[in-house]
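Since each chain comes alone in its own frame, lean on the hints to assemble the complex.
So the chains spell out like this:
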Amino acid sequence: MEYESLLKKAVKLGADYADIRIADFNVQNTISENSNLTSVQNNDLYSYGVRAFIKGAWGTSFGNDITNLEKSIKTAVKLAKLSSLKINEKFDLKDFPVYKENVKFKAKIDPRDISVEEKIKHVIEYDKNLNEKPVVSRTINLAFISGTNEFYNTDGSDIKEEKFALRFYAQIAAKEGAKVQKAFARFGLMAGYERFEKIDMNKFCSDLKESVKRLLRAEKAPAGKMPIVIDPVLCHVFFHEAVGHACEADAILEKVSVLRGKLGKNIAPDFLTLSDDPNVPEENGFYKYDSEGIRGKEAMLIKKGVLSGFMNSRETASKMNSEPNGHGRAENPSAMPCPRMSNTVLYPGKYKFEELFENIKCGVYAKGSSGGVVNPIDGNFLFNSQEAFLIENGKLTKPLIDVSFGGNILDTLRNVEKIGKDQVPCLVGGYCGKKGQLVPVCGKCPSIKISEAIVGGSNK
Amino acid sequence: MDLTNKILKKAEKYGNAEVLLLDAEKTSVTYEKNEISRTENGTTVTLQIRLSKGNRFGYSQTTNPTNWEKCLKNANSLLKLANPLEKDLILTEKIKYRKVDGIFSKKIKAMSEEEIFKKAKHMFDAAKEVDKRMNIPMAQVSMGSMGQNFANTNGININERMNLLSAAMEASIGESSGSDSKVSHNDFDFSKVGKNAGELCFDSLKPKSIKTMKADLILDYFALSDIIKTILIPAFGADNVQTDRSFLKGKLNQKIFSEKVSVIDDALLENGIFSRSFDSEGTPGQRTVLVENGIVKNYIYDNYSALKDKVKSTGNCSGIVKVPYVSPTNFIIKPGDYKNEEIISETKEGVLAKFAFGTHVANVLTGDLSIGLSNAFYVKNGAIVYPIKQAMVSFNLFEALKKVQVIGKTLRQEEEVVAPMMRFDSVQIIGS
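Order-wise, the sequence lines are chains A and B.
When the first sequence is numbered by the numbering used here, its final residue is 1276 and no position is left out of the sequence of numbers.
When the second sequence is numbered by the numbering used here, its final residue is 1099 and no position is left out of the sequence of numbers.
Next comes chain B alone, as it looks inside the complex (with noise of 0.2 Å):
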């Protein structure tokens, strides 16, 4: 008998019970100081128990499956102290899931330790080939494994596995840097990272202050990914809307943002990083709209949040222990019709941000932000004109949403977020 049945057979003398078993392996290959710090190779397990009895709920987690014997009795002695909640959480009915494509990949189970030095070597190579100053701080190549077995006491049995490959790569010349990353679940050029992170460390040369002013700011992928992650990402958080702590709490069907916004949440996405066939609570994954052209349609959920507002779980349950525990799967912003070289010929005078920093610091209820910006550019009369050398940008992200018009229509993703390249007009810039 597998190690999630044997749990649940004897978790019926206490109640209903469901667990949830993940298991990761990794092999990474690290370079620090333009040489390999390290090799590391490992797995970690974890194994979360949420044990359910007149509708209270006891949770435990160990990382030491083998003793599953005391995690369950540690839920069983947390259960009677919370306070009920009007239905059970556990899943009752049969459920037909859909299987994700594009999420494991033969060729990267496959691949040898050999390969993964190759790799590296070949992004590492790339970066030095465009100065011969190039400094590589750090470059890392990791391949994972990661699998997710979810039962519980009415029947359900699923598993599920996806392995990713990922590239990292930090350089510098003197003060200047440059970095990019790639997360997949396919094989990819590693060499492309390598030249990416060489060349925007090579354009960021010489940078020049600007003055504070009123302008335009393009944001690119990994700039306004970071904003979204942080600010609004949460705003969709149904425990967060409920605690009044998100922005569009009462704003479902409204008009909030532009007509040009759409936001998608997807777990079935093809080869999506963050797809998955099922949730923490099996529930299954779905496609859920959450902006159609401006207007709010939806929030996710877990099965707790769900219950609170009388709707479905949107299969967004992170882990079994804890309720609230909502996050998002890929989080889609619909493409624009803008090539990314339009967004910057067509833009008069503004700021094209590679990367942003200290979004961590911002206001997530207000949409208030001032934060930093690294790896920008000057842009005037639609060109690139110099690097810049401090700035940092105060604006409402909210506020933008509603604004912005011009988005562009090549999508990227490296973590949860999908997004395109997006300008936000007449922006407070400060300079040094």
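Next up, chain A with everything else stripped away, as it sits in the complex (with noise of 0.2 Å):
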């Protein structure tokens, strides 16, 4: 394989480890706006990177040109020596494991097998289905994603993955009288054309159109502390903020991470076990492999507790010497791959629904996300409902405007209550930013009571 005698050729050159990485994917999209079909896109993606590693430092080279990949390895060897003759701290990689697997994914269509007609067809219908009064404007994005990644290292690591993807994304704004409100809705998810025919689009036209409804009338959100319960989709987004980003090793070794020096400590409640996994089937952080050719593994962040591991990547799990979980992940070839999440899975705890409720004077009941943000050194964090609606003695009674919740890392933890019952994957596509790069990320969770949270509302 020529692949072999390039990487060969990097360790003739000095490299003491190199891969490369190859993605090759295409998008088809679909664009309509209130009822006329914009643009028919295609995009074909491809683009291949280099890595070179030499006592404690790496060199990286990338382009789209595969011809140029022979060049690309110098490049990165080059690279890798002078930046590891700057540095202080040398160290190097551990063994890992060696894998060998072209994986196919389990689908039955290949979305590129369906004419594009035929996917139009559906994004007609919604947006016929979404004009209905008060609904004054529409958008709405169906794209198809099918392609491969493909993994080599000096170790012998021989991977290709193929995935499929389907997203969907619809919005949509309302008018009545003076008042305007925007609402969205979105899935997202790794599957074959099939699945895509199985959902009830009219149910999910149908909820944001009553969503939107609700927002016309919503009133603001009081501001302070207090009581609040959120659904499954704003759960995922609060463990990966609150939690997830402090548990990735890299920020714990850049001593940037407030869980740093915990390890083994009690965090949080003892009902609670939250973990990372790659393996939830359909969610948008699936995969077998992570961009760094290691099988994804799920990685136990709390376990009843107590914080009991990192995400890890082949840089950071050998600086801290510990078991590889598959958590190296990168945007494309062209980025370098860091700890990062896959699947954030907050385990179901012991409580129906209504009974998250009980007792609440006055707190709020948040619903879907509209993103988040932590600062993973001071542990301050910040995530956005997509809907929300007053707790007033354990009923819910007025819905509320969008309202963003804020919190403390470790005060927050202590302060989760009450765990649902009702953990179900979220599919609604997320994709999570660190160090400039997006990745596609999920979740499967329950929905939870946290007895206090900063609501950032407004008070008269």
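Straight line, CA to CA, 20 Å or less: simulated SDA-like cross-link-like pairs of lysine to any residue:
id, chain 1, residue 1, chain 2, residue 2
1, A, K1041, B, K875
2, A, K1071, A, S1134
3, A, K1029, B, D911
4, A, K1078, B, G841
5, A, K887, B, E780
6, A, K902, B, K700
7, A, K916, A, S821
Bear in mind the hints are in silico, worked out from the structure with no lab data behind them.
Here it is as structure tokens:
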């Protein structure tokens, strides 16, 4: 195989370790705007990247034209040498398992085998479905992604992994009198075309219409500390931001995680178990091998309230001498893999959904996510819901406009009071940004009650 | 024959066509955990094709230009599927382009890898000098060069190249952190970036909680530009206006903001980071007044959204991969009269925020936002008293811009937003 001989060359030039990554994906995207099919696009995304490691430092080289691969290998080794000469703390990569596998994606129909006409039909149908008062504008985006990642390294790993994904996004605006509001709905999953046909789009559209109607009559949330109940989607964003990022091994090594030095210590109630697992089928963070050719395994982050592990990459697993769990991910072959989340999994608790609201005098119930963010250094985080409701005396009373919640990781973890039984895959097709790279992530979580969080509303 | 001409020649049999060829080369040095972690070099190329026939359009893009024939065929097969527009989007007239000054530096082009290492070291050392406990989780210096070549079947074929030098640094001591970054078409003093990040981290040590209150909110460059980028800029996009997703719909020539607020989108700004002499559709770059003394004057357009409003494109198209695709160039907030020190010294009680976080979750349509502040400081009787532990703010950006009176005179640009410091009075601040 040609890659093998090129990698041998890298070693000959002085590399301790080197790998080649190639991504070849096709994205078909259809956009409809107010019943007008505005853009039908085809994107062929092909790129490669080479990394070389010498005594504690990396050199990388990347491009789109694979005929330059040999030149890139030379550049990567040269840059690794340059970097390595300038560092004080040298380290070696440890031995990692070697894999040889051609992974076929478990699906019946490759989206590329379905005609564009067929896909367009769906978009037009949803657009029509959403065209109903008080909705005044609609944008629908349906995308199908399919392709293969390849990975080769100097240890002899030789991996091909096929992937299919569906992405749907609908955004609407509604008007009632002088009031305007927007709402959106989305799903994203790793699956073949046959799965797409099973999604109940009628329900999807009617939920979205109901949501925007509620938002039109919604009031501002109160401001200050109060109990909150969040749905599984928001719960996965909460744990992603509040715990996940601080459990990425690079954050620990870079001394930018509030969870540093807390391994083996109790940081949450004993009924709380949290992991990150790339093996959740269909979820956006699903993969068999990470971007560094390591088998993706469930990483236990919090076991019965005790901080029990971190997500690692080749580099961080070497530095911390820990078991590799396959969380070294990169947006594309030109980017450097680093420890990342895949699917955030909160184990289900004992409470029925209704029981989460018991004894709440005044609080907020929030569902759906508009995103979140954390500063792992000081542990302050923030996340925002798509919809929220006021809880008064254990009952949902009024709809509230979308609201942000803030808190500090360590305080808020202790405040997780009840975990629901209703664990479900979120399938919202999320993306996580870190160090300038986006990777697909998602989660499988139940609803939870947090006894105290900061609600970013407004006091009259 | 160059690639774009080759593609156009072949495209003629399908209809009208335009081709955009983008390329970028980057070399960067990254520090992680107080050490050099890696040095990277690479190129990326993107080819975008838009075919048009009978006012229908097909879009195809590839990162592998050697496959341009397949890309062209794909565009042709998609062409018949889209709904036709009233008019062709591909430019027909002969255009005179104005060259933008100060976007290509020969000095940056000639920089060696060793020089980049040296700059990174200067920045690193400057942060370390602030306090010996200083930890550097991340520092990055990169040098890049970007080119765009636009050509269409009506005879336009234009090229432009720019290069950029950038620096970013994060510094931390315990739970305190600070960061700074700079992007420029010209060489600059890297040690200043390191010093700023280090000092901000040092000044943020031993933060205290504040109570929930209504007080003045002073937003420094990064905090304000973050808010502007995520909430104000989308409101000026004609695409959002036309689909009822902008607060500014139907507000042309109305006084919506304070008379102190003027906004310009200027593609021709000398040394501007987002300057360019033409956009992705070959429309020449221009200076577009968006707000003049509080009065809304214009939106930003690409050819598609301009056709809908029967106006001319403002040269704000960002790619020929879909319509509409509108984004700003250099989005400039006109400076005010205050020195930054004066803004602080004239504040009775308030919070000065260097950074905002969570702006991406704000409501773009209504302008409502509840976001977190980082590297924020409590200001009392005209002086910074102490750093703040954890705070959120909740307010409506459009209301705040209606009332704003205090605007700084010093502009800064590290991304598309060119902005001064600004103070919003009596804002809901949520302490912990």
